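Colleague: Sequence:
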Amino acid sequence: MAGDIFNWAETLRSNVEGLAVAAAGTLAVVATVMAYWKTKSWAGTLAAAVLGAVLVFAVKNIPQISNMVDSEVPQEDAVSTQMVTGSYGPLDHVVVIPADLR
Numbered sequence: 001m002a003g004d005i006f007n008w009a010e011t012l013r014s015n016v017e018g019l020a021v022a023a024a025g026t027l028a029v030v031a032t033v034m035a036y037w038k039t040k041s042w043a044g045t046l047a048a049a050v051l052g053a054v055l056v057f058a059v060k061n062i063p064q065i066s067n068m069v070d071s072e073v074p075q076e077d078a079v080s081t082q083m084v085t086g087s088y089g090p091l092d093h094v095v096v097i098p099a100d101l102r
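In terms of our numbering, the sequence shown opens at residue 1 and continues consecutively.
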């Protein structure tokens, strides 16, 4: 029973991932066609196509990109986090001087 639920959830996740990639591809194609239609320029069309390819690549590789980002962010230990509290003194009364206004 539990295995069936996990299989169903994995299949659903896989289908949604495929749908997201298909939607990104469709969006890239539509944006490229619209770029040509609006500009009649091959440079703008090429730029739209390259950006669309980057979008499709990013959507298709979200897990790998997420792992790369997670490996770059340092993990904080629960022990090292401290709550800093204390009384706040008044701010300096000279925040803006006349030279700043010139």
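Hints listed in this document are in silico derivations from the structure and should not be mistaken for laboratory results. From a predicted model like this one, the values you see are computed outputs, not experimental measurements. Think of the CB as a built atom: it goes at the ideal place given N, C-alpha and C, for glycine as much as any other residue. Some hints could be false.
Said to hold, decoys possible - Listed next, with one range per pair, are the computed distances between beta-carbon atoms:
(1) 43 with 9: 43 to 49 Å
(2) 16 with 51: 30 to 36 Å
(3) 11 with 67: 21 to 27 Å
(4) 10 with 41: 24 to 30 Å
(5) 4 with 71: 15 to 21 Å
(6) 2 with 51: 39 to 45 Å
(7) 65 with 3: 27 to 33 Å
(8) 19 with 67: 19 to 25 Å
Colleague: Quick one: which hint numbers does this structure break? Sort them smallest to largest.
Modeller: Failing hints, ascending: 2, 4, 5.
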